Amino acid sequence: MKRIYASIAFILICFTVSGIELGYISAKVENFTSLIENADNQMKKTNFEEAVNICTQTEEQWNNSVSAIDSFLIHDYVDKIGESISLMKTYAENCAPADYFAESKRAKKQLASIKESEYPIFENIV
Amino acid sequence: MAYLCANIISGDKMLISVIRTLIVYVFIIIAVRLMGKRQISDMQPSELVITLVISDIAAIPMQNTSQPLLSGIIPVLMLVALEILTSILMMKSGKFRKILCGSPVVVIEDGKLLQNQMKRLRLTIEDLCIQLRQQDVFSIEDVQYCIVETNGTVSVLEKPQKRKPCADDFNIKIPDNKIETVVISDGNILDNSLKLCRKSKKYLMDILRHEKVNEKDVFLMTLDANGKYNLIMKE
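First to last, the protein sequences are chains A and B.
Residue numbering for the first sequence is 1 to 126, as defined by my numbering.
Residue numbering for the second sequence is 1001 to 1235, as defined by my numbering.
Honestly, the hints are just simulated from the structure, not real lab data.
The reader is advised that the hints may include incorrect statements.
To be verified - Capping the alpha-carbon separation at 25 angstroms, the derived lysine-lysine pairs in DSS-like fashion look like this:
no.	chain 1	residue 1	chain 2	residue 2
1	A	LYS80	A	LYS108
2	B	LYS1228	B	LYS1216
3	B	LYS1092	A	LYS2
4	A	LYS105	A	LYS28
5	A	LYS45	A	LYS2
6	B	LYS1013	A	LYS80
As the list claims (entries may be wrong) - If you want a taste of the chain B side facing chain A, the calculated C-beta under 10 angstroms gives, among others:
no.	residue
7	VAL1032
8	LEU1034
9	SER1066
10	MET1078
11	ALA1081
12	GLY1152
A quick note: this is a predicted structure, and the numbers were derived from the prediction, not measured.
Think of the CB as a built atom: it goes at the ideal place given N, C-alpha and C, for glycine as much as any other residue.
Using the sequences and the hints, build the whole thing.
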C-alpha cells in the first residue's frame, strides 16, 4: 500500500515540478522580452542613455535569475541569452543601433525558443 | 590557490561530474529499492525495459554537465512510479498481466515437441537444448514437459524414470534440520536471521560464552532451529 502512495506522490511531484518550471520560464521570458522591447523603443528614439539603463537593469535581473533558470534548462542555451544581453548593452553604450537591433532580435528569438520548447504541444513531444 | 577556488566556485566540469554521479547513484539505489526485489531477480519484459531505460536516462546528466540534473531525475521518478503502479495492476488483474507479460508457452507436452509453438516463439531447437542443458537435462527424450516462461526462462519436468528420487520414494524419514541462517557476519549479529531460526540473542550469547569467544572476533556463524551451529573465527 505504501508503494502505491509513494508512486502516486512521485507522479504528482513530477507534474508539479514540470508545471512550476513551465510557469516560471514563461514568466521570466515574458519579463525579459518586455524589458528588451523597452530598450528597443529607446534605441529607435536614439535615446541611448535610457536604452543603456534598461539594458543594465535587464542584465542585472538576468544575472540574478540565471542560476534558477539553469536548474531547468540546458546551460548552453541560457548562457547564449546572457551573452546576447551583454552584447546589447555594449552596442547601446557604443551607440551602434544596427548591431544592437541584430543582437536584440537574436536575444528575443532565443527567449521565445526556450519558452515555446517548454509547451507540451505535439511538435515538442514528437 | 585563488585560481583553484575560482574554478570550483564557477563550476569545474570534472568536479560537477563527480558530484552529479554521486547524487544520481544514491538516487538510483533508492529508486531500485523502491521498485522492490522483483527488479533484482528474473525480470518480466516490462521490468527489463524499465531497467535499461532508467540506466540510460540516469547517465545523461552524469556525462553532460550542461544538462540540468532534473532532466535525469524527473524521468526516472516517473518511470519508478509507473513501474510500481504497473506491477500492482499486474498483481490485481490477470488480464492486464497477460497483455503486458504474455503467458507461459508449453513447447514439450507429454514428451512430444510442439514445433508450431516453437515457431511462434521463434525458438530454435539449439536454443531449447541450451536451456535444457542449463537445467542439467542432456536429452530431449528425458523431458515430459517443457514450458517457456514469460521471462524467457525454461521450466522442465522430466519423465518419471528420469526424475531424481527423493526420500518419499524410498519411504525414508529424514530429520527436519530447519533452515540454517547466518547469525553473525564479520562480527555483527544479524537480528533478522535470529528471528528466522527462532532463536533469541540470549541463546546466541550463551553459545558464544560456552565457546569462550567474543562476537567481534567471529567471521561467520551459522545456526539452525535445532541449535546446530558452525563457527568460523576471524584470522
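**Asked** Any hints this thing doesn't respect? Which numbers, in order?
**Response** The structure conflicts with hints 5, 7, 12, although it agrees with all the remaining ones.
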